[in-house]
Amino acid sequence: MNRGNRQIDILISRYDPERDDQPRTERYTVPYAHDSSVLDALLYIKDHLDGSLSFRWSCRMAICGSCGKMINGVPSLSCKTFLRDYAPGPLYIEALHHFPVIKDLVVDQAGFFDKLPESRPWLIRDQERALADGPHRQSPRQRARFASTSACINCLLCYAACPQYGMKPDFAGPALLALVERYNADSRDQGKAERMPMINAEDGVWSCTLVGNCSAVCPKDVDPAAAINRNKLESAKDYFLRFLKIGSGGAE
Amino acid sequence: MTRFDHRPSLESTRHDVVIVGGGGAGLSAAIAIAEQHPDLSIALVSKVVPMRSHTVAAEGGAAGVVSASDGLDLHFRDTVAGGEWLCDQAAVDHFVARCADEMVRLEHWGCPWSRGADGSPAVRNFGGMSTARTWFAADKTGFHILHTLFQTSLRFPGIQRFDEYFVHDLLVDDGRCRGVVAIDIASGGFHALQAGAVIMATGGAGRVYRQNTNAGILTGDGLGLALRHGVALRDMEFVQFHPTTLPGSGLLITEGCRGEGAYLTNRHGYRYLQDYGLGPEVSEPAPKTMELGPRDRLSQAFWHEQQAGRTVDTPNGPAVHLELMHLGRRKIAERLPFISELAKTFVGVDPARAPIPVCPSVHYTMGGIATDITTATAMPGLYACGECASVGIHGANRLGSNSLAELLVFGREAGLNAASFVLDHAGQGEGTALAAQARDSAARASAWLARPAGGLRLAELREQMTTAMQDGVGIYRDAERMVAACETLENLSQSLDRISLDDRGRCFNTEWLSAIELGFTLDVARCIAHAALNRKESRGAHQRLDEYTQRDDDQFLRHSLAKLAPGQPPQIHYQAVNITRLAPGERRYGAEQTP
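Protein chains in written order, with the numbering used here: chain A, 71 to 322; chain B, 4 to 598.
None of these hints come from the bench; they were simulated from the model. Even glycine gets a Cβ: it sits at the ideal position worked out from N, Cα and C. One or more hints might be untrue.
Pairwise CB distance ranges, derived in the manner of DEER restraints [unchecked claim]:
#1 A336/B x P170/A: 38 to 44 angstroms
#2 G458/B x R73/A: 30 to 36 angstroms
#3 Q553/B x S257/A: 52 to 58 angstroms
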């Protein structure tokens, strides 16, 4: 890669549980070119200046969802954020907010992954279709209904941006609720009823206070805020229908 | 308090099947076992959370014969001829017969395949395929396949995940694979996972080269592990260069662009592929013609254009132009939205208005851990599938969209066959020796953390390795440069134990993992370079400029097998190719093509 001849200073919030009581900030100077990303800078530091810096990364092309960091206070994918936009610097990099830090820029993501199965993010059918029956029919228009919500790469930037998740770690959070909406909106799916309890729960959609930061930081235009709103409508309908049933003596 | 001398923890668990790697192949294997054998316990071990695996970056699509005008025999012929007859024909037959079923299975699990107007899954043209048979989900096919598989896997309680566990050794007892030893990355402690069978699904080794399309995790770990335990790697000299990637970074610009009708032009705006046996120049995409030629031929054509001074200069090296402008903004938005995002983000190009600069980069490891058609390796209890494996379907040149199909077909196959093996060999051999093995292995891995300071820098060795491979074992090769690469790699291999780490801690020490990875990668690089040097002919992706410019079926219609013994250069042997029904012939594309 072309390393370029400009330089920028980067401040990184470091924390090593084996030696630090508190996070500390370290400053590094890195060379960069027009197309150098923040990830390129982190790799340069790791390779040439300080091998003890820990961070997650993998694909380099904004699809694996590994490399989210706080960059000057904004949750961002480090592979898709460019040093040129921060000149003359310095820029400040921290681990994603709202998650416990394991080491340096690496956070514990259990708050998301442990909740994932509860949202039942798989296609649910009353009867499983046999292979011999071939694919379902689904029109391009039907597919378009979940095109944006199925684009989520689970990078968790939206959790780092969400003030509700910061205060209430039990909140299902933007990406998870978008994922629920993804399957509910799929014409092949029949599992909405199974997912309603999770949506209706105290930590479901009603914990969202419509701040909208999630959609602002999403690198994939998933628009979780809009998905949550659609879920709220479903949840309200669900509540109202149950109320009607009870009112008419139709409770189970 | 001292940090270096505390005894590392070593936990131990037992499972029926351990799967190493949580990408498309590993997840396919896990789900197949969980569906068929709900009572079996499955450990899915990966150094990253499964949806970070590199399947996620596959773009263009997955092959599967569906249309009435297509046929399994055509897919078979395209694949075998595309691989320049170095394919195991029984494996190819087995493969093509199962691809479409796997696509349908994914559809039933929710994969958002792109659709035609009638609501059935759409297919697109791909290079070297004689008709449109590539299923796609816009240009994020791998992403959607991986997320569909991962989310579906959450349904099965039998699948126990070990996310961010780094496997650094196999447990082998009496010649049989009995598990793995892993580092729990977060804590730095060790974990021995004993098992009745182990499936390797660790992906390729593209990071062996400097400029590649691969994620940072593609360091050839599974291949290195197999080598160290005496299992051969097959056909490693066949490294696929993808013809359309971004200069410098090597980021992938899908063949799907050309499937949709994109043009490749040189600095004169000329569609140069017509000069390389791929013409006639056609304005609409035509199978096996021009931009829909196979990847080896397109990458080689680039090299010739570069030699002739007809490429375009970019700050990151020479390139040609991939033109999508004539497709129109609407089609690009519908079929190639990710390419549009990548081009805008990484090279500042809106492909609806200007060409994308592209050049070849290392993309795919066509060889791998040698397996038979059931995915079994030579070591009982050890299976391999996906890019880390060589089941024999790619030969000397893989066709685009066969690899996503492969990891589904043979991932499933590996899962079911490993499960059968476990059930057939239940109760045999309680590994008391295994615990001692795991302890020794953990001690060896820990030794990295106790090395004296002031030694060599890991990144410098890695850079010397990738430079040696890029310069010595590239698109065109000759003996002199391959010999130089082999020598450099042997020296680097000797230097490994002079590396010092900056990080001596255990918690999420990625420098430590990188050092172990580099050991694997170097061994894989040595096998590639030696297998290439030994193949004294030109075939598919292995092209020589010295006296061996021609294909030589008499001497080299054979698979190479690379093995490693400690302290020695790789040993290369050869194995007959299983040719069942299509006699070796000439590869023909463009106007000359034969079905």
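Consistency of the hints with the structure:
no. : hint                                : in the structure
1   : A336/B x P170/A: 38 to 44 angstroms : holds (40 angstroms)
2   : G458/B x R73/A: 30 to 36 angstroms  : violated (24 angstroms)
3   : Q553/B x S257/A: 52 to 58 angstroms : holds (55 angstroms)
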